[in-house]
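*Asks:* Chains as they are written, first to last, in our numbering: chain A, 25 to 385; chain B, 160 to 435.
Simulated pairs of lysine-lysine, DSS-like, Cα-Cα distance not exceeding 30 Å: (1) B:K284 with B:K218; (2) A:K157 with B:K325; (3) A:K199 with A:K238; (4) A:K140 with B:K429.
From the derived model, a few chain B residues whose C-beta atoms are all more than 10 Å from chain A: (5) P188; (6) L189; (7) V193; (8) L199; (9) S200; (10) A210; (11) R212; (12) L222; (13) D279; (14) N378; (15) L394; (16) F418.
Since the hints were made in silico from the structure, they are not lab data. Predicted model only: the values in this text are computed from it and were never measured. For each residue, glycine too, the CB sits at the ideal point set by N, CA and C.
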Amino acid sequence: MGENTKAYVELKHINKTFGNYKASDDVNFTVEKGKLIGLLGPSGSGKTTILRILAGLENADSGEIYIDGKQVNEIPASKRGIGFVFQNYALFRYKTVFDNIAFGLKIQKKSKAEIKSRVDELIELVGLKGLEKRYPKQLSGGQRQRVAFARALATQPQLLLLDEPFAAIDAKVRKELRSWLRELINQVGITSIFVTHDQDEAIEVADEIIVTNKGKIEQIGTPVEVYSNPQTPFVVQFLGEPVTIKDFNQFKGFREKTKGDRAIIRPEFVTVTKKNEFNPYPVTTEEGIVERVAFRGNSLELTIRVHDELLLANRQIGQELIKEGEHVNVFLQRLYLVDDHGQNVAIAVNEALRQDESVVI
Amino acid sequence: MKKKKRVIPGFGLSFGIVMAMLGLIVIIPLCSLVVFSLKLSFHDFIETVTAPRVLASYKVSILTALIASLINAVMGLLIAWVLVRYNFPGKRIMDGMIELPFALPTAVAGIALTHLTTQDGWVGKIFAKAGIQIAYTRIGITVALVFIGIPFVVRSVQPVLEKVEKEYEEAAAMFGASRARIFFEVIFPEIRPALISGFTMAFARSIGEYGSVVFIAGNTPYKTEIAPLMIMAKLQEFDYASATSIALVMLFIAFLILFVNALIQSYTSKIVSGIE
Chain A
25 MGENTKAYVE LKHINKTFGN YKASDDVNFT VEKGKLIGLL GPSGSGKTTI LRILAGLENA
85 DSGEIYIDGK QVNEIPASKR GIGFVFQNYA LFRYKTVFDN IAFGLKIQKK SKAEIKSRVD
145 ELIELVGLKG LEKRYPKQLS GGQRQRVAFA RALATQPQLL LLDEPFAAID AKVRKELRSW
205 LRELINQVGI TSIFVTHDQD EAIEVADEII VTNKGKIEQI GTPVEVYSNP QTPFVVQFLG
265 EPVTIKDFNQ FKGFREKTKG DRAIIRPEFV TVTKKNEFNP YPVTTEEGIV ERVAFRGNSL
325 ELTIRVHDEL LLANRQIGQE LIKEGEHVNV FLQRLYLVDD HGQNVAIAVN EALRQDESVV
385 I
Chain B
160 MKKKKRVIPG FGLSFGIVMA MLGLIVIIPL CSLVVFSLKL SFHDFIETVT APRVLASYKV
220 SILTALIASL INAVMGLLIA WVLVRYNFPG KRIMDGMIEL PFALPTAVAG IALTHLTTQD
280 GWVGKIFAKA GIQIAYTRIG ITVALVFIGI PFVVRSVQPV LEKVEKEYEE AAAMFGASRA
340 RIFFEVIFPE IRPALISGFT MAFARSIGEY GSVVFIAGNT PYKTEIAPLM IMAKLQEFDY
400 ASATSIALVM LFIAFLILFV NALIQSYTSK IVSGIE
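Only chain A is shown next, with the shape it has when bound in the complex (with noise of 0.2 Å):
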C-alpha cells in the first residue's frame, strides 16, 4: 500500500481558453498507476485538450500537472517520461519502421548496439518482425498503429498518452486492435490515458472512463459504474442509446410523483414480448404498436409507439417475429430521472420490480 495507490499523474484547477472557447475548465482528476483510463467524450469536448496539456505540447492557462508527485508544469514535453501515440501516428514518412522506431533513441544518444536491440525487441513485442525495412505507406493501418506504439514505447516512458488510437482504422480490424493495444499495455505495465469519442471503445479497453463535455469532466468511474449510473443529464444522453421521454408519469409503473424535467430510457430496460408471450409483470405493462422493425444482423431494433411516446427495444433473433403495425406488451424496467435545473440523475425503476427487490444492472 502507500506508494502504490497513490495518485501516479494528477491535474488540478486546468484551465484553457483558446480565443473565447474555453477547452478546459477546472479539470481534476487523479490516474493510478499502471492503470488504463479512456477520456470520453463528443469531439470538442475538450478531451484532447487534457491529453495535449499532459504531455506538455499545450500549456494550460492555470492549474498544476503532477506526474509521479512531481510538479511538471515547467518541465519540457520530452523530459515528462511520456510516450505519446498521435491520432494520425505521425509517422516519419521517409524513415523505415526500423529509424520510426530507433528515432526517440538516437536522439538519446545511445550506442547502436543498444538502439539495434531494443528496437529489435519492440518489433518483435508489437508483432512486426520482418518489416523492419517497410516505409509507413506500405503498411496498413493497423501495422501503423502498431509502428508507432513502438515508438512511442522505445524510450521507456512512464506514462503513455494515446489521442484517438484507433479513429483512423477499419472497423473491423479495430475490434481486434483494442484487445491487442489493451493486453500489450498489460504486458507491458504502463499507466496509459487514451482519448476517444467512441463509447463501445473507452468501456471495452479502459479500467476507468473520465466523461468529458465543453472542457468540464462530468463523470469519472469504471465502465460499469459510469454506464449504469450515469450522474449528470449529458452522461445520460451520451452513453448508450438514449430515447428521451417527456411524459414519464402516465407510464405504468412510474405513476407516483417523481421529480424530474424528463426520463431516459435505453433500450435494454425496454423489454417487448408478444400478446400470446408470457408476461410476468401485467399490472405494469403497457400496450404499444410496432412502427418500425429494423434488422440489425444479431437483433432486431423495434421502434414502439407508446402514450404518444417513441421508445426502442431490441429483440433477439430467433424468437418469433414482431411485424409492424402489430400491437406488443412493452414493460419498462427502468428509466433515469433528468432534472436539468440541478443536473443531476436519479433512477427510477419500476413499481412492479421494485416489489420484488430484484436488483438489475
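Could you slot chain B onto chain A? The hints should help.
*Replies:* Frame of chain A, contents of chain B only:
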C-alpha cells in the same frame, strides 16, 4: 467490341484539344528546331556546336545557372519558410511580390539590375570598395539569374511546407529532438522533393535566360557570353541552321535536367505512395 462508357464524358474531346495544344505550342516548334538543324551536315553541326566560343558560352551559362539555382534553393526555401510559418504585417504583399520576376519583362529586370550594380550604382558602389565588380561579370549574370529563378523555388516549396503537419514536429519534439534535428530529419525530407523540383526548374530556366542577362553580362567573348546570346548572334548573321543547332544542344541540356528531376520525383513518390 462495345465501347466502354466513362462516368465523366468528354475524354475524347478534351484529350484531342490537349494534344492539339501540345502539338501546336510545344512539339511542332521543337521539331522545327531539328528540321532546321538538319540543313547542316553532321560534321558541320558538330563543328558549330563545339566551336570554342560556343563551348565557353555553355560553360558560362551552366556555371552561372548552377550557382544561381543553388543560391535560389537556399533563399527560396527560407522565403517559403518565413511565408508559411510566421505572421507579420505585409505578409500578403511580400507573398504577392514573389511572382514579380515572372510578370516583369525580363529586359526591365536586366536594365534595373545593371543600373544598380555598375561601379556607380547604389549597390555596385559598395562592392566596388571591396574590389568586387558585379555588372559585366559572371557575378552579374548570376545576380540576374537569381532574380528570375527565385519564384520557381518558393512556389514549389510553399504549398508542400504548408501541408507538413504539426504532428510530425511534435512527435519529434516529444523525444527531445533539437530544432535543427527536427528540421533536417523530419521537415526537410518532406519538402526535399519539392525543393529539388524547384531547383531544377529554376536551373533549366536560368540556362536559357536571355532578356535579363544580356544587359548585365557585358557579353565579353569567352568570359561573359551566355549560350542564348550565341544563338542571337547567329540569327543576326541570318545563319539559321547554326542558331538552331546551338538551340538543339540547349534543348537537350534542359531535357536532361528535367529528366533527372523526374527520376528523383518518381523515386521519392514511391516511398510516399507506398507502391513497391
